[in-house]
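S.K.: One-letter residues, chain by chain:
There are 4 protein chains.
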Amino acid sequence: MKNTFGNALQVTIFGESHGDQIGVILDGIPAGITLDMEFIKQQMEKRKAKGRISTQRHEADEVKIVSGYFEGKTTGAPIGIMIANTAQHSADYEKTKNRIRPSHADYSADVKYRGFQDYRGGGHFSGRITAPLTAAGAIAMQILKEKGITIASHILTCKTVHDTPFTQEEAALKKEMKRMNEEDIAVLNEQAKRDMLEVIEQAANDGDSVGGILESVILGVPAGIGEPFFDSMESELSHLLFSVPAVKGVEFGSGFAFAEMSGSQANDSFYFDNGVKTRTNHNGGINGGITNGMPIRIKTVIKPTPSIYKPQETIDRQTHEPVILQIQGRHDPAIIHRARVVVDSVLALGVLDEWMMNESWNVRKG
Amino acid sequence: MKNTFGNALQVTIFGESHGDQIGVILDGIPAGITLDMEFIKQQMEKRKAKGRISTQRHEADEVKIVSGYFEGKTTGAPIGIMIANTAQHSADYEKTKNRIRPSHADYSADVKYRGFQDYRGGGHFSGRITAPLTAAGAIAMQILKEKGITIASHILTCKTVHDTPFTQEEAALKKEMKRMNEEDIAVLNEQAKRDMLEVIEQAANDGDSVGGILESVILGVPAGIGEPFFDSMESELSHLLFSVPAVKGVEFGSGFAFAEMSGSQANDSFYFDNGVKTRTNHNGGINGGITNGMPIRIKTVIKPTPSIYKPQETIDRQTHEPVILQIQGRHDPAIIHRARVVVDSVLALGVLDEWMMNESWNVRKG
Amino acid sequence: MKNTFGNALQVTIFGESHGDQIGVILDGIPAGITLDMEFIKQQMEKRKAKGRISTQRHEADEVKIVSGYFEGKTTGAPIGIMIANTAQHSADYEKTKNRIRPSHADYSADVKYRGFQDYRGGGHFSGRITAPLTAAGAIAMQILKEKGITIASHILTCKTVHDTPFTQEEAALKKEMKRMNEEDIAVLNEQAKRDMLEVIEQAANDGDSVGGILESVILGVPAGIGEPFFDSMESELSHLLFSVPAVKGVEFGSGFAFAEMSGSQANDSFYFDNGVKTRTNHNGGINGGITNGMPIRIKTVIKPTPSIYKPQETIDRQTHEPVILQIQGRHDPAIIHRARVVVDSVLALGVLDEWMMNESWNVRKG
Amino acid sequence: MKNTFGNALQVTIFGESHGDQIGVILDGIPAGITLDMEFIKQQMEKRKAKGRISTQRHEADEVKIVSGYFEGKTTGAPIGIMIANTAQHSADYEKTKNRIRPSHADYSADVKYRGFQDYRGGGHFSGRITAPLTAAGAIAMQILKEKGITIASHILTCKTVHDTPFTQEEAALKKEMKRMNEEDIAVLNEQAKRDMLEVIEQAANDGDSVGGILESVILGVPAGIGEPFFDSMESELSHLLFSVPAVKGVEFGSGFAFAEMSGSQANDSFYFDNGVKTRTNHNGGINGGITNGMPIRIKTVIKPTPSIYKPQETIDRQTHEPVILQIQGRHDPAIIHRARVVVDSVLALGVLDEWMMNESWNVRKG
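Chains as they are written, first to last, in this note's numbering: chain A, 1 to 366; chain B, 1 to 366; chain C, 1 to 366; chain D, 1 to 366.
Among the clues, some could well be false.
Just so you know, same-sequence chains aren't split out, so a pair can sit in one copy or run between any two.
As the list claims (entries may be wrong) - Within a straight-line C-alpha distance of at most 30 Å, the following computed DSBU-like cross-link-like pairs (lysine-lysine) qualify:
no. : residue 1 : residue 2
1   : LYS48     : LYS64
2   : LYS50     : LYS64
3   : LYS159    : LYS310
4   : LYS159    : LYS277
5   : LYS95     : LYS277
6   : LYS277    : LYS97
7   : LYS145    : LYS174
8   : LYS64     : LYS41
9   : LYS277    : LYS73
10  : LYS145    : LYS178
11  : LYS145    : LYS175
12  : LYS193    : LYS159
13  : LYS147    : LYS97
14  : LYS64     : LYS95
15  : LYS97     : LYS175
16  : LYS97     : LYS73
17  : LYS310    : LYS175
18  : LYS145    : LYS277
19  : LYS73     : LYS178
20  : LYS277    : LYS310
21  : LYS310    : LYS48
Derived from the structure by calculation, the hints contain no laboratory data.
Here chain A stands alone, though its shape is the one from the complex:
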């Protein structure tokens, strides 16, 4: 469905980096909810470019709700969220528009769209489109929060710097998650945070960029949400995560580390202690595509920002002659600290959609 996703909750995104307006239509949100506009604003702020470690393009990212919201409450009709682009410098892209930028969608889009795509700032492929996703995600998070579900991520690794992983113990985990959600740069260990900032600044100074791995936790999802096979919780969440630009890998629970385990190590033993629980959580809270009540644990890798200032070898879009690309404009030496907010947002949308679909089974109770 291209730019629309979801079963009970539909998200439709549109817009380009240098267009007038970007936005999202969020359909399926129940009526009667007073949106926490302050929270939406905070999420938008967290996603914003910051200091020397981010692009100098500073967008206001003011969220305007044009439909589905009346007298301070959702109406049940589709919520139209608009965000104006205000800080485009389109001229930066004129000069290099025929030089295919490595690791960007320039070439693949050029083939698909026969040369008609908007090249400025990556057009529709821009990370800017994650701004409306963040606003939509904030609304989903608010509903999940009412149900006791919280989501948080931190930067687990950035180049060779490693943060402490989220703890397993629930009370401590909750505190860590809360803290991460209050931070601009979500890193658990303070020294790791300083080291990461240094790594990013160094990359900025070098005209280069870095990526990293995000560790996310979704806490409070009860057992029984998700589907076997095609709408497994993993399928839905990975579908959404891989739609975030720069994501190139997703794992649940122990993920790729399962490869070296034996079954007797990997199997999570069940026990009962004020609820059904597992002693370990290698499966990351999901068995057979369906939640088991344990925390959902996800790791997502964000590749280094493709836009770097270092000269790069590439070819001309039309002549295919070799050319040197010297990127102009304002770019992020790292986006992982910003992508964190987007990852949390799509996770919220995915979990809420699966939850809402699961409600359909209650047809028999009513």
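Got chain A sorted already, so can you dock chains B, C and D onto it with the hints?
M.R.: Using the frame of chain A, we list chains B, C and D on its own:
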């Protein structure tokens, strides 16, 4: 869509491990194709349990096409594929049916389905349902092959044994892929293969199990297939991969290894040599969700088979009392060699669906 | 989605008139339901060919459930329903296979499927595929019945014979509906029934056929089910109704008779009497796409069966030369008495799907 | 999918009658098309309120494209179309907001949305949302026109006044269609037009309203477009038509008139004359859900506008006490002349979507 997936090509699966019949409805396959029944059979054979490294449940897996096929050719109507279950030993599950099997869907399904799920052999959550997926994938592969697209996987790692990765050079890669597709146990390096078999047999002897990582390549997909955001090639393929039981992580191109790279290392430089190419292929053939003409490279982790013979601590489904589970029946000490075929199959279905959707743009040429 | 329909409840059909097997995969039915196999059988019986007014092809239409049903209860997994074809006379179609049958899908399918469609008995376009739809509908009806929802249709007109319309008064209406659901030939007025049978037999004697109009009522749907715009109750139900072969018109409430009314006549005044009600029901129980608690009233026209024995002018499929078509085989002079059951079935599937989607809003109560 | 519709072409609508902004996201339009902005404007003009026979709410309906359009051409990214509401008089609705308006969605929406819907001007249920549909339809029409497909409707009946039906002869039909597309009030016969205007003005003077029947033709669709069963051309088009407010009946070809025909009258004989044709066109260009190359013929009934100035009996939304409703504000005594444009628009969207899906089959040619 629960048990149905796809946009232009729809796959609907059904069945349980110990039911009479499992199957798939494959809708959207063009009319007029003489199905390569021999190839379908070969794929089914490759997926079958083998020797000491697999379960002793030996299913005939005879594929019966009951619709959409007439006078030896597809008709354009939905293709109904039925596979009889013939070798169930349901009694094996009677005794332990109330003991929640760790890492299986037993508990999460029990909550979702309120205790009514078919517990025998995992019911609908069984890997048996990948048999019809394999048959459907074989049909997709045949169409892709006509377009010059081939898919192959090998076991990159199994516990601590590592195979040689697929080579980058295309002519050699093609040979490797061809060879892997002819093997029962797809490992490039002969010594690695022997070592892996040993590891698996050792696990079998220990009443334990192992998993591993599959490396897959899709060769021959031209540039321009896929969509930005929600129907990105990565989103669609990961959605399908995570619907395969035991898959817990998926990465494209350099995947999680991107985390330690700088942009200048990670960016794939474009050049022209009888077509647009990139010197490296860290992005695994996909930029911005759309193919760039380079080989699509994917790694998928398969967790160790949850069914192990070693006694395991768990709880009773109803009383929640602690119990020791001693699994009966016939189980695979490893499924990675069989999962390989399923992974190739869903990749074929995903690529064909994206390709077919992309054809819709040709509305303007017609 | 071609042969799959539904949002919370998915129906996937497959099969051909002369294939081995036809069937349906019904996904989304909650777990724990003891299916009323006797009722399914009754519905299949009602849809069957009968006496001189129907085809002499007598199919057993034995429903076999191959998945999603365990120990006498639904499991929550997709329900696979198989029906064997047992009474094909394929030879009847050999001789005339190149003569395009008027009002059938022969020509349009020939273009779409490039000549590869199964021509025998209309192949996938056959009314036989409504047998699995009937089985699926019977399951939906059972769930609706638990919620106090009943569905019934009668033959309102057949050629120039008109039956009495369903009454408006609810207690009497219920009785009429119950009676219609017990009849093989659903006509309210006994004289009208005799006249209709005579009209059909006359058509049979003439080698001709007839159609007619079905009037349907869905009783007991509470207010608030449905969606504005694209998933309006009318949109969903008409979508399903027009997928039934031979349906060429659908209206809700006063339908086409609205054209001659003024607003003051057409508007249904609200009043309260042990619930919110309307004095008239011109809108057929639906306002703005959403149910208002009044009976849902629908009329559906069934065109005369295209297969008639009278010689017909047509052309050769390949040469396009004019030819006379003399249809062989066994055909229905009327299908309206059988279509009635199919119409009820798809209405049940549509209402249940909308109901189940509506449950997703309860995410906020949970 | 609530407010999103389509398979290859997705239409997502949003907005309310008295909100700031209404709009549509149109996704799937191929890249490289210079949009005919003048034509879009003409279509918006035709849909506008006119003279004494329409509401006095005069909206500018200025179409603003905010995405998917660059340097005067479509880019392939979703086209965001925004229309500002400029002429709301919300105060008109304050006084009567608790009086359930008969034949409106007030009550059904109140139940579904638990009282939180935007009541002003019908909120999201307003005919205003058909303005963005009209803009989206105009883009679809432009693409269809390039393929030789045209769509036109006229008012066949309005109360007791009947227009001449569209002629069957193709050259004359084309002229009639062209003429209807140039008219503000689409009536073929001049006297009928004058009579209809008189009927509407009389209704306006009486504080009442009228409806009528639209006859539509889609010309130039080649044979082979559509699907059997659930995505039949009739299913898709009726789905869209019934999503247009006030539509309560849809028929194809002879529609309800089939009821009185015998098969020998109803069957359309095939002949060849510079292409495969049928002598009659009772089936309205569709056999088995798939086009047969003949003109697609549709009739759609539009119920009388529910908003009338005459006092009406109804109940209070909260107390359920009987009250007299005296509607304030500006309302249309008829909308059929405006609905005509919306009907053409959704038909264009439906045909283009089916066409684009059909292209997926060309996977085998490429």
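S.K.: As a check of your reading, is LYS145 near LYS175 (CA-CA no more than 30 Å) within one copy, between copies, both or neither?
M.R.: within (15 Å within a copy, 49 Å between copies)
S.K.: What label fits LYS277 with LYS310 when the C-alpha limit is 30 Å: within, between, both, or neither?
M.R.: Cα proximity of LYS277 and LYS310: across copies only (21 Å, versus 51 Å in one copy).
S.K.: State whether the alpha carbon distance between LYS147 and LYS97 is at most 30 Å within one copy, between copies, both, or neither.
M.R.: For LYS147 and LYS97, neither the intra-copy (48 Å) nor the inter-copy (32 Å) Cα distance is at most 30 Å.
S.K.: Could you place LYS145 and LYS277 in one of the four classes (within, between, both, neither) given a Cα distance threshold of 30 Å?
M.R.: Classified as within: same-chain Cα gap 22 Å, cross-chain 38 Å, threshold 30 Å.
S.K.: Please work out whether the CA atoms of LYS64 and LYS95 approach to 30 Å or closer within one copy, between two copies, in both situations, or in neither?
M.R.: Classified as between: cross-chain Cα gap 28 Å, same-chain 34 Å, threshold 30 Å.
S.K.: For LYS145 and LYS174, with the copy left unspecified, which applies at a CA distance of at most 30 Å: within, between, both, or neither?
M.R.: Cα proximity of LYS145 and LYS174: one copy only (13 Å, versus 46 Å across).
S.K.: Up to 30 Å between alpha-carbons, please classify LYS193 paired with LYS159: within, between, both or neither.
M.R.: within (12 Å within a copy, 33 Å between copies)
S.K.: Can you tell me if LYS277 and LYS73 fall within 30 Å by alpha carbon in one copy, between copies, both or neither?
M.R.: Classified as between; 28 Å across copies, 38 Å inside a copy.
S.K.: Taking 30 Å as the upper bound on the Cα-Cα distance, should LYS48 and LYS64 be classified as within, between, both, or neither?
M.R.: both (17 Å within a copy, 27 Å between copies)
S.K.: Evaluate LYS50 and LYS64 at a C-alpha cut-off of 30 Å and name the case that applies: within, between, both or neither.
M.R.: Within one copy only: 22 Å inside a chain, 32 Å across chains, cut-off 30 Å.
S.K.: Is it within, between, both or neither when you check LYS277 against LYS97 at 30 Å Cα-Cα?
M.R.: between (55 Å within a copy, 19 Å between copies)
S.K.: Is it within a copy, between copies, both, or neither that the alpha carbon of LYS145 lies no farther than 30 Å from that of LYS178?
M.R.: within (12 Å within a copy, 48 Å between copies)
Hint check: violations occur at hints 13, 15 and 17; the rest are consistent with the structure.
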